[in-house]
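K.L.:
Residue-level listing of the chains:
Number of protein chains: 2
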Amino acid sequence: MQESRSTTPIVIVHGGAWSGISFQRDARADGAKHAAIVGWKRLEETGNAIDAAEAAVCSLEDDPIFDAGTGSVLNSSGHIEMDAVIMDGATLNSGGVACVRNIKNPVTLARKVMENTHHCLLVGEGANQFAEKVGIHTIPEEQLLSELSVTKLKLCEGNYGDRVGHAFKAKNVKKTHEHAKGEHDTVGAVVIDAHGNVAAATSTGGITAKMAGRVGDSPLIGLGCYGDNVTGGVSCTGHGESIMKVHLASRIIMYMDAGLGPKDAAEKALDYMYDRTEGAGGVIVLDNKGNFGVHYTTGYMAWACIRDNKLHHGISGHENHTEELPQNMA
Amino acid sequence: MQESRSTTPIVIVHGGAWSGISFQRDARADGAKHAAIVGWKRLEETGNAIDAAEAAVCSLEDDPIFDAGTGSVLNSSGHIEMDAVIMDGATLNSGGVACVRNIKNPVTLARKVMENTHHCLLVGEGANQFAEKVGIHTIPEEQLLSELSVTKLKLCEGNYGDRVGHAFKAKNVKKTHEHAKGEHDTVGAVVIDAHGNVAAATSTGGITAKMAGRVGDSPLIGLGCYGDNVTGGVSCTGHGESIMKVHLASRIIMYMDAGLGPKDAAEKALDYMYDRTEGAGGVIVLDNKGNFGVHYTTGYMAWACIRDNKLHHGISGHENHTEELPQNMA
Numbered sequence: 001m002q003e004s005r006s007t008t009p010i011v012i013v014h015g016g017a018w019s020g021i022s023f024q025r026d027a028r029a030d031g032a033k034h035a036a037i038v039g040w041k042r043l044e045e046t047g048n049a050i051d052a053a054e055a056a057v058c059s060l061e062d063d064p065i066f067d068a069g070t071g072s073v074l075n076s077s078g079h080i081e082m083d084a085v086i087m088d089g090a091t092l093n094s095g096g097v098a099c100v101r102n103i104k105n106p107v108t109l110a111r112k113v114m115e116n117t118h119h120c121l122l123v124g125e126g127a128n129q130f131a132e133k134v135g136i137h138t139i140p141e142e143q144l145l146s147e148l149s150v151t152k153l154k155l156c157e158g159n160y161g162d163r164v165g166h167a168f169k170a171k172n173v174k175k176t177h178e179h180a181k182g183e184h185d186t187v188g189a190v191v192i193d194a195h196g197n198v199a200a201a202t203s204t205g206g207i208t209a210k211m212a213g214r215v216g217d218s219p220l221i222g223l224g225c226y227g228d229n230v231t232g233g234v235s236c237t238g239h240g241e242s243i244m245k246v247h248l249a250s251r252i253i254m255y256m257d258a259g260l261g262p263k264d265a266a267e268k269a270l271d272y273m274y275d276r277t278e279g280a281g282g283v284i285v286l287d288n289k290g291n292f293g294v295h296y297t298t299g300y301m302a303w304a305c306i307r308d309n310k311l312h313h314g315i316s317g318h319e320n321h322t323e324e325l326p327q328n329m330a
Numbered sequence: 001m002q003e004s005r006s007t008t009p010i011v012i013v014h015g016g017a018w019s020g021i022s023f024q025r026d027a028r029a030d031g032a033k034h035a036a037i038v039g040w041k042r043l044e045e046t047g048n049a050i051d052a053a054e055a056a057v058c059s060l061e062d063d064p065i066f067d068a069g070t071g072s073v074l075n076s077s078g079h080i081e082m083d084a085v086i087m088d089g090a091t092l093n094s095g096g097v098a099c100v101r102n103i104k105n106p107v108t109l110a111r112k113v114m115e116n117t118h119h120c121l122l123v124g125e126g127a128n129q130f131a132e133k134v135g136i137h138t139i140p141e142e143q144l145l146s147e148l149s150v151t152k153l154k155l156c157e158g159n160y161g162d163r164v165g166h167a168f169k170a171k172n173v174k175k176t177h178e179h180a181k182g183e184h185d186t187v188g189a190v191v192i193d194a195h196g197n198v199a200a201a202t203s204t205g206g207i208t209a210k211m212a213g214r215v216g217d218s219p220l221i222g223l224g225c226y227g228d229n230v231t232g233g234v235s236c237t238g239h240g241e242s243i244m245k246v247h248l249a250s251r252i253i254m255y256m257d258a259g260l261g262p263k264d265a266a267e268k269a270l271d272y273m274y275d276r277t278e279g280a281g282g283v284i285v286l287d288n289k290g291n292f293g294v295h296y297t298t299g300y301m302a303w304a305c306i307r308d309n310k311l312h313h314g315i316s317g318h319e320n321h322t323e324e325l326p327q328n329m330a
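Chain order of the listed sequences is X and L. The letter at position 172 of the first sequence is residue 172 when you use my numbering, and the numbering goes up by one with no holes. The letter at position 304 of the second sequence is residue 304 when you use my numbering, and the numbering goes up by one with no holes.
Hint data in this document are derived by calculation from the structure and do not stem from the laboratory. Do not rely on the hints blindly, as some may be mistaken.
No distinction is drawn between identical chains; accordingly, a pair holds when it is met within one copy or between any pair of copies.
Stated by the list, open to error - SDA-like mimics (lysine to any residue), calculated; alpha carbons at most 20 Å apart, straight line:
1) Lys154 <-> Gly78
2) Lys263 <-> Lys289
3) Lys268 <-> Leu148
4) Lys133 <-> Tyr274
5) Lys289 <-> Thr7
6) Lys310 <-> Leu148
Using the sequences plus the hints, can you model the full thing?
P.N.:
As structure tokens, then:
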């Protein structure tokens, strides 16, 4: 365990890097802001970064606009298989679940893996068996299903590779935000508490029409998520296979270890990912000195951050709005 | 795809970092040497690094002395669940399978994921469904079972955490090889061919008495394996959860990107892992300049490497024997 120290608490969340169209923009922005406030409230209640990260991600999982928990997309078999992870930056312990079914809040199950097992990752049936054992009961798949997810699968025409390529790749074209089109709504949160403890979490239903059993970067520490008190934390979203190829989360952490700030590390890593894979995505990053960074190479990524009782948020381009926290919060 | 260039071909394999006892030392050493020769022969036949890495790992999977494929250990439910990955350093494409059952050569299935899907990782039932679809048929679990695996589960007394801690941790003691005791036999191979193409692969049955659904570092690129023509390749073994915590494979690659050679990068990364997690393990590493490195913080790791028609090998301490390739090979 790393020695903790006094620092400025920060809660930052994202609602997924996505397409070049502004479909349901307001609902996504509101969902991200709400989740940041939920995380902040929990942080005020318990003072614990892990509690806050879990609460923020649960809020995003419960909002059917996002592709995580309720609202997860359907795979090619018409089923929902979800992935989530949570990491404790004080100990480097983490818990992840992948390809888990019929669970309302996969991030809460991931936390149980972290706290109640000697493992970091449980997948498939084993993860569902563990859920029952620790009292997280399965729910009918219909309760996780949104109209939007059904529509997305229906709209899924043609070859999966072409569609995902259209969403997250920009082969042979000049790199601009507008070249990365499509939809994706993986969610995540990174928190540092007043003791300097970092927590990070990511949760997703994956990509519409993915193969049964497909797992992307999201539940894998060093790929879709990482948290370390010594450096900071990160949660990723975007084209999972591209993120995996360049081990995006660990890359950002190691860029920060080498001296870059959160924003510069995020930009450098996403540029590197684009150069090596032509894949697009987004990240939220914070360091242990009170700084945060947001960057995405997709058209949009809903994000929100609370620091010093101010709510920062944005959803496209270089948007960075700042407002006072709602009265009942400040 | 990175431009390829002429280079010195190398095949390097490991048969798993393991305990402080020399049980079946000769069989492990022979198995590793044989696998390196199998990989080298394949490289001579096809000139392709991926073919060679797959062939070497299949040889290790087929040898019941190792905990991968045939000879995989049993989980707490008495079943075999296997993980494997293969990565193509020319494209950064990879394929992995996790928690897959009844498959003779998981690394071959992993290669099918890489070459026949848009994904990098399939787990559980979905991975087995895919296997059937591509003509890799399931086999009875008994055919994968070794007497040794049954004995290991029987010998598994007491708390899993204590046992694995005894095997791979050395809390509050001075770091020496002898403090990391236990058994583990994850296998792997890293190859660079004459065109400068790097391939890396790892395969495992995991840790005896692991929970159903548990996945460690092995099938996850950036954690248990990585290959990149720009830098080199690595395959890891040891305490999976510790390897995950410090994203060992990507750490080694980034140390090499920063200028370290394979041996120095391996030592620095395993020292870091020990310092942060008290976990032990081993790695084989090569760069794209004709150098290889071997390092382990466990008592033993069977490894073998062929370069310039010479077979280098070792199994404990700083052993590094060199012999001419067998007559029918050179």
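K.L.:
Hints first: check each against the structure and report whether it holds.
P.N.:
Hints and how they fare:
no.: 1; hint: Lys154 <-> Gly78; in the structure: within (10 Å within a copy, 41 Å between copies)
no.: 2; hint: Lys263 <-> Lys289; in the structure: within (13 Å within a copy, 34 Å between copies)
no.: 3; hint: Lys268 <-> Leu148; in the structure: neither (34 Å within a copy, 49 Å between copies)
no.: 4; hint: Lys133 <-> Tyr274; in the structure: neither (42 Å within a copy, 32 Å between copies)
no.: 5; hint: Lys289 <-> Thr7; in the structure: within (7 Å within a copy, 45 Å between copies)
no.: 6; hint: Lys310 <-> Leu148; in the structure: neither (32 Å within a copy, 61 Å between copies)
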